[in-house]
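Undergrad: Using the sequences plus the hints, can you model the full thing?
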Amino acid sequence: MAGAGQPTIDEVARLAGVSRGTASRVINGGAHVSPAAHEKVLKAIEELQYVPSRAARSLVTQRNDAVALAISDANPRLFTEHPFFSEVIVGIDTVLAESDLELMLVLGASVRERNRLRRQLSSRRVDGIMLLSLHGEDPLYELAEQADVPVVYGGKPLGVEPPHYVDADNRGGARQAVEHLVTTGRQRIATVTGPMDMDVGVARYHGFRDALGSAGLPAHRVANADFTAASAVRAMADLLDRFPDLDAVFVAADSMAAAALGVLHERGRRIPQDVAVVGFDDRATALTTHPPLTTVHQPVQALGAEMAKMLLSLMAGRPATSLILPTRLVIRQST
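Residue numbers for the sequence shown, in the UniProt record's numbering: 1 to 335.
Pair by pair, the computed Cβ-Cβ distance ranges are:
(1) Lys43 <-> Glu145: 42 to 52 Å
(2) Val160 <-> Glu102: 25 to 35 Å
(3) Glu142 <-> Ser19: 44 to 54 Å
(4) Arg188 <-> Val111: 39 to 49 Å
(5) Ser322 <-> Glu137: 13 to 23 Å
(6) His290 <-> Arg328: 18 to 28 Å
(7) Gly21 <-> Arg125: 21 to 31 Å
(8) Arg267 <-> Arg125: 48 to 58 Å
Straight-line Cα separation of at most 20 Å, DMTMM-like style, residue types lysine to aspartate or glutamate; simulated pairs:
(9) Lys43 <-> Asp10
(10) Lys309 <-> Asp167
(11) Lys156 <-> Asp197
(12) Lys156 <-> Asp169
(13) Lys309 <-> Glu87
(14) Lys156 <-> Glu137
(15) Lys309 <-> Glu98
(16) Lys43 <-> Glu11
(17) Lys309 <-> Asp148
(18) Lys309 <-> Asp65
(19) Lys309 <-> Asp93
(20) Lys156 <-> Asp73
(21) Lys309 <-> Asp100
(22) Lys156 <-> Glu87
(23) Lys156 <-> Glu145
(24) Lys156 <-> Asp167
These aren't lab readings, by the way, just hints derived from the structure by calculation. Every residue, glycine too, gets a C-beta built ideally from N, C-alpha and C.
TA: Right, dumping it as structure tokens:
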């Protein structure tokens, strides 16, 4: 056995009776090693409890065993106000934990953070990148397109069709939510949208229009928001000022729906007798509102897991196809 401290590759080679180069090739997955030498090195590794360093392994494999997740959002309350991101990370980590890859998190909304990511990509400090929450002509999109590593998008960027992305059926889910409002007899249906410089916001708005168009109902009761509670408060107040007779509202995220419910209560509207409310996400918030929120469930952890699986496939040189995950309506007491 070795003395105190981490055993070295030289100690492995001496115990196995092979050259340092042979031991290094076995440890780092190299070829051109005889079966006998391979077996001797493995036995020495086990006896010494040797753990190869990441830096040494990268010299041989030309990989850093690290991937980046870049989120284009500068909100300081990102993870508290939007549990979506935390659940995506949980899904990603579940997959990466089985691959011995490290996850690097970058909030890429600032110039400084984008420059940091650009340096990491240009120097190949990461072997792949996943992108979330891109807005419009986001600089991260161009940065990723120039990167010489595999790229997977979480959510399709607005106006483009990248080769590899994972998304939820935002348009179909929104359509189902509004169809539910129509079937319950609501006719003056409004919406609080998500950000219209993101595909998710546009898709959910189009789902709203699809359902009302099919029902022959007008779709002009619209107020835009940006997925924050403050923007939802302003949007809901604006809708009530302009359309005091509205009898239902589809809100493009549960966190915003909770804020909209607060405004409705303050204005004396009974839920759902006067105004029915449907959200989107089916996060824990939906169970704590008064009343509990009817909402569209999207599989957020699965979205993160599928992003990681797709990235691993691309890193291994295997083909991958973009994926749209199904959504479903969960009916509770707000409708």
